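*Asks:* The lines below spell out each chain.
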Amino acid sequence: MDFLEVFLQKLNEKGQEAIELIKSFIENKDPNSIHEIYRLFHTIKGSASLVGFDKFKQLFHKIEDYFKRQMNGEDVITEDFMLKLLMVVPEVLKKNSDLTDDELQHYVDILEGRKIQTEAKVYVTSSETIPSELLQELLSNTLSAENSLMREDIQNALREIRLVKQKLVSILENTFYVKLRQILANFDVLVMQEAFSNKKKVKLELQIGEERIEKKDSEMLLNMLTHLVRNAIAHGIELPEERTKKGKLEVGRIIIRSYVQGNELFLEIEDDGRGLEFEKIKQKAIEKGLGNLKPEEVIFVPGFSTKDKADETAGRGIGLDVVKNFATARGGDVEVVSAAGKGTKFIVHFPIKTFLVRVLVAEADELRFCIDLQDILEIVSKVEIKDGQLKHKDKLYDITFSCTLPRFAIITKNNKALLVSNLIGIFDGQVSNESYDMIKGFVKNIFVYPLPIISPEQFLKLQKPSEKVRKVLVIDDSVVTRTILGKFLVNFGYTVFEAENGTEGIEIFKKENPDVIVCDVEMPGIDGFETTRRIRELNKKVPIIIFSTLTSEQLSKGLEVGANAYLSKDEPPERLVRLIERFIQ
Amino acid sequence: MVKQDRKNDEKERIRELKNKYVIVGNTFAMPLSNVLNILSADVVTPFKIEEWDGFIDYNKIIPVKNIDTGKFVVITQNVAYRTSRVAISDGNILRKETSNETYLETPEGIYKILEQS
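Those protein sequences? They're chains A and B, same order as listed.
Each residue of the first sequence is one higher than the one before, starting from 1 at the first, in UniProt numbering.
Each residue of the second sequence is one higher than the one before, starting from 1 at the first, in UniProt numbering.
Since the hints were derived computationally from the structure, they do not count as laboratory data.
Owing to the predicted nature of the structure, the values given are computational and were not obtained by experimental measurement.
Glycine residues also receive a C-beta, built at the ideal position from the N, C-alpha and C atoms.
Among the hints, erroneous ones may be present.
To be verified - Derived pair list, reagent style SDA-like, types lysine to any residue, alpha-carbon separation capped at 25 Å:
| # | chain 1 | residue 1 | chain 2 | residue 2 |
| --- | --- | --- | --- | --- |
| 1 | A | LYS280 | A | LYS294 |
| 2 | B | LYS48 | A | ILE376 |
| 3 | A | LYS62 | A | LEU83 |
| 4 | B | LYS60 | A | LEU83 |
| 5 | A | LYS353 | A | GLU434 |
| 6 | A | LYS444 | B | LEU39 |
| 7 | B | LYS65 | B | GLU97 |
| 8 | B | LYS48 | A | ARG368 |
| 9 | B | LYS48 | A | ILE424 |
| 10 | A | LYS342 | A | ARG368 |
| 11 | A | LYS165 | A | LEU139 |
| 12 | B | LYS60 | A | LEU172 |
| 13 | B | LYS48 | A | SER432 |
| 14 | A | LYS395 | A | SER455 |
| 15 | B | LYS48 | A | GLU434 |
| 16 | A | LYS444 | B | ILE110 |
| 17 | B | LYS60 | A | PHE447 |
| 18 | B | LYS48 | A | VAL361 |
| 19 | A | LYS342 | A | SER258 |
To be verified - Only part of the chain A face toward chain B is listed, based on derived beta-carbon distances under 10 Å:
| # | residue |
| --- | --- |
| 20 | GLY46 |
| 21 | PHE278 |
| 22 | GLU366 |
| 23 | ARG368 |
| 24 | LEU373 |
Please work from the sequences and hints to get the whole structure.
*Replies:* This is the structure:
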């Protein structure tokens, strides 16, 4: 780091420290902070001199001089002067070279009251450099993944790839997003300046968490917030004496609050002022031929104002219509809540863009689609239908989507149920935002083709779910096989009948008329082949699956006597379920 | 001289291509210049919605119209067509007076021309 860089870093540190102390002075009028601020500006002046920033030195000498005079008994450090400093210092901190003659003159003119800074400004600062250490880490993870794959260590490769994914997402987020807290860091300066020029007392309270917004939106967002806050100070918050008369605290309060709900970022701008004058707004709306709109809506119409002439605060090129446009252009909206004498709250909300989306991939008949995990309340593996609704844990849910053979139910956050035949898994993917009717976007990277993300509110395919009980007869002499298989099939919504030998199986078949029969081969009494042959004589259509440990050569015998399929007991039970479903379909 | 000839050949080739049409699924024709690519149907998402039969990712998500469930997808700017039959042809342009529609007349048949896709 060279000498100049050290200076710029220190300038920023000391300058920020001074800004905080100035704010504190304006708020508390603590005379002790005067000396502290003087000391900081003196240090900046000395350092500027060392790096040859002569105009910097001259400016800070001028500022320092005011403080010296104050300490010598002159009353020159007023709230007004401190506010002027708040207009000058943040701008100067942005410089990375010495001031020009014109700049020096401009700042001195502001400080000496010859020039008025017309607009209080808030600055967005950002850095976009990716640290080289992080790039090296990415290379290291990639190599580890590659080498793990070459060693066929899939688990480790997956772990490394997931680390790469996390780091890339983090880089992208830092590149494209900025924390709200960061862009609102100097917003209190604006509030102080506006309050001072309106002869009001206002305290800004930021209730901001870790929310981020896209960097490209930050300037527009600041303009929007600036407008709303200016409006609140100029028209909402009352003068101190008026507030006192009304029994309110002398200092008005503006709160900027941010939070995420669902997939949307919410920004609330709330003041405790006089509230909107709805009657006046209604009257003006009628005069302008907008009487059909509610007052809460008409204030967002371009050009609408209750004033005949724009006052100093209004008419600065941005109106409430711009606030509305900002939100709607991003797929959101703005609402206003106001109570006479109590205050006004604007609620701006819009969807948050993300680089990755986590989805549940499902199949239903010929469709394969996914649902954003954020839209899902619960996944139910045992589907129970009552009067055309899903029954789950003593609750009934309307079914908005169903398929031929529902095996799983997805309960969405709007308390609707989607019945699907299969769940493939949960995956991360990149989002493509094209939307069609009930598709709210597409996820790439899961299959070779993009997968639709369905909108649970709009996804409707009302096939009447079957309430017919699907019956499976399991004929097996092994109690273990019967119990395991029985429980497994029950979990998939089947009603299971068990028989421990062929004769019993045939009797149950005659009585219960099952939809599918699963039959072992080696059993006491008549074997599975003979059982199959006898059942086939009774019913030509009922599907019979031979479920045995016999070799595939013996399969031909099973098929000869009328079985429809053969499945080895070595296969996972899910395959048996699939086979059963295929036959039922 | 050789360079000039090559340039002329290239111009001629472009002129010829400008007059070429792609016959999709033996049902309609579109200017060859409207076709961005022809891909395998494996990369189509099967999903029937509105008037579409699926979707394909080609820099953006493009809806797919199924012609005959073939193994190719003809990609254009805003729509893709799934078909088994893709042919390049030229011929006479015929105009229907009543509807202002244009048709391509080829030895194999007459095909309506989709100018915008």
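*Asks:* It remains to establish, for every hint, whether it holds in the given structure.
*Replies:* Here's how the hints hold up against the structure:
Of the pairs offered as hints, the one joining A/LYS280 and A/LYS294 holds, with about 12 Å between alpha carbons and a cut-off of 25 Å not exceeded. A distance of roughly 23 Å separates the Cα atoms of B/LYS48 and A/ILE376; the hinted pair therefore holds under the 25 Å criterion. Under the criterion of a C-alpha separation no larger than 25 Å, the hint pairing A/LYS62 with A/LEU83 is consistent with the structure, at around 16 Å. Among the hinted pairs, B/LYS60 with A/LEU83 is inconsistent with the structure: their alpha-carbon atoms are about 51 Å apart, more than 25 Å.
Pair hint A/LYS353 plus A/GLU434 holds up; C-alpha atoms about 13 Å apart against a cutoff of 25 Å. Using a Cα cut-off of 25 Å, the hinted pair A/LYS444 and B/LEU39 holds, with the two alpha carbons roughly 17 Å apart. The suggested pairing of B/LYS65 with B/GLU97 is violated, with an alpha-carbon distance near 28 Å, which exceeds 25 Å. Of the supplied pair hints, the one linking B/LYS48 and A/ARG368 holds, its CA atoms being roughly 11 Å apart against a limit of 25 Å.
Restraint check: the Cα-Cα separation between B/LYS48 and A/ILE424 comes to about 20 Å, which is no more than 25 Å; the hinted pair holds. Of the supplied pair hints, the one linking A/LYS342 and A/ARG368 is violated, its CA atoms being roughly 52 Å apart against a limit of 25 Å. In summary, the hint linking A/LYS165 to A/LEU139 is supported, as the alpha carbons are separated by about 12 Å, within the 25 Å threshold. Taken as a hint, the B/LYS60 and A/LEU172 pair is honoured in the structure, with Cα atoms around 20 Å apart against an allowance of 25 Å.
A threshold of 25 Å between alpha carbons decides the hint, and for B/LYS48 with A/SER432 the separation of about 18 Å falls inside it, so the pair holds. With a CA separation close to 23 Å, the supplied pair A/LYS395 and A/SER455 stays within the 25 Å bound. This hinted pair checks out: B/LYS48 and A/GLU434 have alpha carbons roughly 16 Å apart, not beyond 25 Å. In summary, the hint linking A/LYS444 to B/ILE110 is not supported, as the alpha carbons are separated by about 39 Å, beyond the 25 Å threshold.
With a CA separation close to 16 Å, the supplied pair B/LYS60 and A/PHE447 stays within the 25 Å bound. Using a Cα cut-off of 25 Å, the hinted pair B/LYS48 and A/VAL361 holds, with the two alpha carbons roughly 17 Å apart. Between A/LYS342 and A/SER258 the alpha-carbon distance is near 21 Å, which keeps this suggested pair within the 25 Å criterion. For A/GLY46, the interface hint is violated, the least distance from its beta-carbon to any beta-carbon of chain B being 58 Å, above 10 Å.
A hinted interface residue such as A/PHE278 counts as satisfied when its beta carbon comes closer than 10 Å to some beta carbon of chain B; here the least separation is about 42 Å, so the hint is violated. At its closest, the beta carbon of A/GLU366 sits 7 Å from a beta carbon of chain B; the interface hint therefore holds under the 10 Å criterion. Annotation: A/ARG368 was flagged as interfacial toward chain B, and the flag holds, the nearest CB pair being 7 Å apart, inside 10 Å. Interface restraint check: A/LEU373 against chain B, minimum CB-CB distance 20 Å, threshold 10 Å, status violated.
Violated hints for the displayed structure, listed by number in ascending order: 4, 7, 10, 16, 20, 21, 24.
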